[in-house]
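Number of protein chains: 4
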Amino acid sequence: MNNNHLKQCDKLVPASYIKQAEQSCTSINNLISHLLEHKKIPEDPWRSDIIEALLSSLSQMDSNNFLSSCGAGEREGRIFSELVASRNYRLAHGVGRSGDVTAVQPKAVGSSILNQLCTRIVLDIIRQVGAGTATSCIIVPMATGMTLLLCFLTLRASRPKAKYIIWPRIDQKSCFKSMISAGFEPVVIENKLEGDELRTDLEMIKEKVKHLGSENVLCIHSTTSCFAPRVPDRLEEIAKICKENDIPHIVNNAYGLQSSKCMHLLQQAARLGRVDAFVQSCDKNLLVPVGGAIVASFNKDGFIENVASTYAGRASASPAIDLLITSLQMGLSGLKQLLKQRKENYNYLRDEMCKLAEKHGEQLLATPHNPISMAMSLSTLAGMEKHVTEFGSMLFTRNVSGARVVPLDSKKTIGSYSFTGYGSHCDQYKCPYLTVAAAIGMNKDECQLLTKRIDKTFTEIKFKNNSAKNKIPSTITQSSQLNN
Amino acid sequence: MNNNHLKQCDKLVPASYIKQAEQSCTSINNLISHLLEHKKIPEDPWRSDIIEALLSSLSQMDSNNFLSSCGAGEREGRIFSELVASRNYRLAHGVGRSGDVTAVQPKAVGSSILNQLCTRIVLDIIRQVGAGTATSCIIVPMATGMTLLLCFLTLRASRPKAKYIIWPRIDQKSCFKSMISAGFEPVVIENKLEGDELRTDLEMIKEKVKHLGSENVLCIHSTTSCFAPRVPDRLEEIAKICKENDIPHIVNNAYGLQSSKCMHLLQQAARLGRVDAFVQSCDKNLLVPVGGAIVASFNKDGFIENVASTYAGRASASPAIDLLITSLQMGLSGLKQLLKQRKENYNYLRDEMCKLAEKHGEQLLATPHNPISMAMSLSTLAGMEKHVTEFGSMLFTRNVSGARVVPLDSKKTIGSYSFTGYGSHCDQYKCPYLTVAAAIGMNKDECQLLTKRIDKTFTEIKFKNNSAKNKIPSTITQSSQLNN
Amino acid sequence: MNNNHLKQCDKLVPASYIKQAEQSCTSINNLISHLLEHKKIPEDPWRSDIIEALLSSLSQMDSNNFLSSCGAGEREGRIFSELVASRNYRLAHGVGRSGDVTAVQPKAVGSSILNQLCTRIVLDIIRQVGAGTATSCIIVPMATGMTLLLCFLTLRASRPKAKYIIWPRIDQKSCFKSMISAGFEPVVIENKLEGDELRTDLEMIKEKVKHLGSENVLCIHSTTSCFAPRVPDRLEEIAKICKENDIPHIVNNAYGLQSSKCMHLLQQAARLGRVDAFVQSCDKNLLVPVGGAIVASFNKDGFIENVASTYAGRASASPAIDLLITSLQMGLSGLKQLLKQRKENYNYLRDEMCKLAEKHGEQLLATPHNPISMAMSLSTLAGMEKHVTEFGSMLFTRNVSGARVVPLDSKKTIGSYSFTGYGSHCDQYKCPYLTVAAAIGMNKDECQLLTKRIDKTFTEIKFKNNSAKNKIPSTITQSSQLNN
Amino acid sequence: MNNNHLKQCDKLVPASYIKQAEQSCTSINNLISHLLEHKKIPEDPWRSDIIEALLSSLSQMDSNNFLSSCGAGEREGRIFSELVASRNYRLAHGVGRSGDVTAVQPKAVGSSILNQLCTRIVLDIIRQVGAGTATSCIIVPMATGMTLLLCFLTLRASRPKAKYIIWPRIDQKSCFKSMISAGFEPVVIENKLEGDELRTDLEMIKEKVKHLGSENVLCIHSTTSCFAPRVPDRLEEIAKICKENDIPHIVNNAYGLQSSKCMHLLQQAARLGRVDAFVQSCDKNLLVPVGGAIVASFNKDGFIENVASTYAGRASASPAIDLLITSLQMGLSGLKQLLKQRKENYNYLRDEMCKLAEKHGEQLLATPHNPISMAMSLSTLAGMEKHVTEFGSMLFTRNVSGARVVPLDSKKTIGSYSFTGYGSHCDQYKCPYLTVAAAIGMNKDECQLLTKRIDKTFTEIKFKNNSAKNKIPSTITQSSQLNN
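Protein chains in written order, with our numbering: chain E, 28 to 511; chain B, 28 to 511; chain X, 28 to 511; chain Z, 28 to 511.
Among these hints, one or two may not hold up.
The list treats identical chains as one, so a pair stands whether inside a single copy or across any two.
[Said to hold, decoys possible] When the alpha-carbon atoms are kept at most 30 Å apart in a straight line, the in silico BS3-like pairs for lysine-lysine are as follows:
1. K46 x K200
2. K439 x K46
3. K190 x K479
4. K327 x K457
5. K491 x K46
6. K382 x K270
7. K439 x K270
8. K457 x K382
9. K363 x K38
Because the hints were derived from the structure by calculation, they are not lab data.
This structure is a prediction, so every number in the text was calculated from the model and none was measured.
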């Protein structure tokens, strides 16, 4: 209802009441104006009905929703199911055009605005959480791995000779696949053990660069967020190597947006060295369903635009819709609250896990550089890998999801590549261990429940283990069950 | 409510009534059983509440929705916004795992079932509409272009030497980008003019195969559905060439699922020659929002599985959710009705366009091999390319979307490749023309409205054109405005 | 999004595209303007998203949805549950004020507009379906019976001496209760058998009026829509009696809106005599859930306003919301289509039931004055009332709902009143019978299914009956099972 | 999905995963079982998807949702609009039958269960919040006023001679209308001023009882929740008078469920004297939209059942749906939290208003017996009633809703009854005043905002008042603007 409509209502209710209602409409319109003007995450959360009204307005701007639309093409955004139409807010045309996933669609102005607006809001979020000088980003409707792949494909055009990607090892499968699926040969840099932490071996990187020749290296592919006892890569130093050797640098920041430490690392790396792009998951950082990733950059060299134009064709608008709704409903205040809470939970969980470790004669590994994940040794179970693995299964059946139990000597082959100690980011860590994370959106109750269940389950498995040790002295089957 | 619940209700209402209600619950349960048993599109449409109940049941099987869930990982499917949760039926984990986009997720059993079930239903649809011997398919949460790219990346692993893709020209940008983004060199096969039709130049293909060497050719990339006056490629013959030369064959069947002719071509090609995979859009064929594509195959050689495992990481469940809802709500009867209606509309629209062409001294180009798209000559405007282009704009502002006006001599550069006559699938077609399509979901009223608006607009533009011809005899600006 | 917002989007997408989108917004705004201007059911159906946008706009005009609202009262429209908020479009204040169920609420301008608008649309519908000179109506959030009660309470104020309501018998319980709950004494006028039809005994009415004295009679309470073999009351004649004797006339038109015959009767009665108000059900006529009724009038004597002000306090907005949505989504064209279809179904069902009756040696009772309901004799079962009743139960368990099997000699007591032959609208009809109705919203398939199931069930029950007759010659238990 | 369905899924995902999912389904089923078993508000809140699944299950038990339903009646629960169907969970049959608003409908088993279950849960809530010995209740789909009217109509049957209702004055219009609309003569008992409080004049009640004769009095109609400076009636003493004189006692407990004091009063009154029924609003107490009321009783004398059977016909299921959803989503823990918060807010608001009063030279009236509402004197404005009224308007335009400004000498006529000092519950209170309430669902921020806005507005109005006093010494217009 616009002002004319309100005037028309004068005949139905007294004009003075209309005036009051008009004020309310104006205040809501101002909210929308402010958003369109600033293109930033709003300070305060929006009410869900206002968000839906905005989406409804946008969908009315897409040609499939024109009252007098006449579709003569092969793709006219027709939706058969009313359920599907409704859950997609009748936004049928997706985002992007054949040439560019960020391009404006003449047929779908509303969808296009939605995507542009959402991208700008996400950029604002990236800046707010720590990458203050980020210049641009795009939302890609694929998960992190495929988005990394897209970055590698994009780099190929400007580095036709390059065959290798230098990659400090991180045992996360889609990461690795992103390189081999794109047709490149990963050059694995094994991590160095420093105290309990696994950290980047900078010397080895330098050596490999020299050995392979800069022009043959597509990029260095580093990682921030990761499972303890691995810690974020030494981003500053890698960035410097990249700068010095004129090698692109792509950072896998999968769930690093939620951590000010990871974001600080990125910001510093960009300031002191070279970062071409950093990639993060929408779901892991912003509490939306799986489906999208964000590629962001500190530069104005057109790399982000190239990534966008490497994506061939349109894409689902779902990730952008979910992100837009979430950021409006969260507000900056809500986001900051969540980040603060996450830090508190991390500290709380660490303390609780410490006590737990102590109680069971284990220790919480000292991984101060990892701001999200932590690991507790399972030395008690060392040599009984069967029980390590079973511990993992038992936790899973007790509805503890995402806790990873990492045995020693697990082997894994991906494509034609073989890994030893897979899951532990190194060939042989000093002990089996259990990792847990304090991720965004977790609440304190969950931390309590988690330590309680681990406590109970560990007690049981140790009992089994002790019985077993006494009875069957040998034959340890090794099998890994990795939740990834 | 299960049977125990019903019994508990005995205390609230008379037992005899409960019995009747029980019957109803049983009949709905039977519906679901039948679906799970046969994994086919149901004959009759399902009611929307039953579909939603099924989705709700599935989502309860995902760990993020367990009542006693305790998430210790970095990705626990937490959803911040209730709006987002609700529109995604709380299915937060997407589909696939890091290694494979079709893999089952232990954390997300419901999502996994949904994806498997949906895939099986889509395979049934593919068979029902004409590819009777199709053996498998996957749903990829990317548009057609990116999905073709994924196929090319998959082929690379088994054909490490291959650099070229042989490609009978089709002027559709994402098609072309799928090849260059994947890092291959398209070998363009110009089409042959046969009557009004542009058809595959088989001799040229053979020559190129011989010239380049089979092992250097990644695949032949052919097309079925396309804009007139181009017609579907000679699929049988291409398939035979592929078979004889041991070259993979990827078919872009973008919106061909809706046409029994395109499907017949595919089926024949598979029977007589080699077809490795055919790719189709979900939105263009099955009336869902943009976002997904289907890769299907007639073989059991594991290619489809390889494509799935080339996709690095999880993916949005949205395309699968939209497809599942739509196929249940449509039913086979509904789908057949839509296909029948489309054929009737095609005939109706062709007849109407014929009359229109005659009225305006133009002709409907004779393209009997194209079952969806048709083209009307704009010879009247020949030599006044400015007006050709303006005609397109005028149609667009009159809410005719998807009609394409193709001028002569339009030039286009994609990457490092240049095309003359871009949009017309050949360097120089004999006249400018207008294309319209009779696509699935269009209704007869739209056909009428369409011809009426074209008629009116063409009358106007001809008037302008005549005035212009009389006044300004020279200086024709050429610019193309392509709706793609 | 208003025009200023659209302009702001200029920075996100090209201005020319915005212009097109603006056109679309304008055309939707015009739709709303037209509705607010004319306050009539729109000719064509509205799309559901536009309806929801209208409701959302209205809800923003209620104080509980003001962004800066500050509630200091005891009733501030706060809604705890987001589910409840959403399903009620955040319209929390209901309709009406303490003094009047149609009064405008200063706190709830949107709800007030909704109610006024809906009332005007309903009045338009009443006129369109036959009561062309109706002058006003109100929507009452109670079912028909309670709404009749409200009318009687309203009449009391102006007729303090009146104790009696003259009521041509119709065996529908809530009808009867409306009079006794209001504190009046019903004076039952038994129906006259004319052919197979039960019709109004006008002489008896006149006699009772004379006997009781006009001033002691609150009103005559007549009925249009009813189950065969009763037919609509002789409305014209009753209306004349009312006019002549200065007695109010309230018509129970429960499901008569769907029948042009019932509406014609009303219109004629109003033209020739006195009709103070006619009451109809929302659910039975307009395919919404149970919950509301409409009181309408042909006069400008303030009776409708008095009814509104007799209702003490606010009321649920649900019936108005359901009605508004339905009338917009139906459109006049949809409504007319439904009415036409109902007539066709009536004829079809009558013909099928005729054949069925003939097949089973029964007859379809000749009730030409009843435009909706029809009855088939069950003479075969006469004397075996147990089987008559069982026939009804069997139909019900076979999911035939709403078919009524009426045995002879059923007795019923309501309050202190006793009826013989209850269900048949007379003390003793000539045979037991089965009634079915062709109501709005039924489709032809249902008619077929219905006759098929009756056929099958009747065959079974006759078989039982014959066996029983041969075996057990006596002891007939009489019990009625009435579906009302 | 039941267990058989889960087994069928074995073919789609590994059986071990299914087992985990099965556990989850079981835990949700247990939740539902517990609810059906105990029929009480659950301790902990339910998730919205589980609530919707329950509603969906229930709706499948209604005949309009049977897959093979065949409707032969005039009311078959057909819903035209998918929007309407969806927002009503396809529950179309409403609640009750023609004879009784709580009766089970054979056609609508799901709706019937819903209503029974909801009623039991509401009874549990009533007990939990203080009326521990309450024995039964019904939910009536009408607001408080109409529900009181229904109680009076019910009493009429057993007290045919009674014409009067004794009513301690409370200036709330629908209260008063409930009596006159039902056809009774209210006997107004003016309140006594005790300190600042207006309290029940028990002597006057006794006198009236004696004067009128018990048998001529339908009931005493008392009130708990009310605006200060009136306080809840002396319920114990009234209840004793009722008991002694064999007069029914109906208590208007409109928004008293939220106050332990009001509930305690009721409980004591029932213990020591006679309370036939107490009536409360659903929206004011349980944060649902306007539309329903609850009649409850401490007795087992069938009065509640009689009220149910006085309601003629079916009724909207909306209030029951909203209540059921809300109570499940709130949980007992949520409800208790809200009640606790309300008490805290009351104290906070009282303290803030005290400071405000002091600042402005006014006083917060001492009304310790009123647990919800409080009043601040506006003595400054005494004699300038125009400004008192304007103060109210100004607050309203500043989005303060529900604050009531009560001038002296306001007159009001309802029906044939005239009141002096209307709004202040007495002919002439000692000063004009402003009331505000701390109602359930209000939050502390609102309290702050409220006092801030009152402060600001009062400062303005006093400035105007002072200017006016100095300039125009006389002519005070008296008009009341009451927000009721």
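- Message: Hint by hint, where does the structure go against what was stated? Just the numbers, ascending.
- Response: Failing hints, ascending: 3, 4, 6 and 7.
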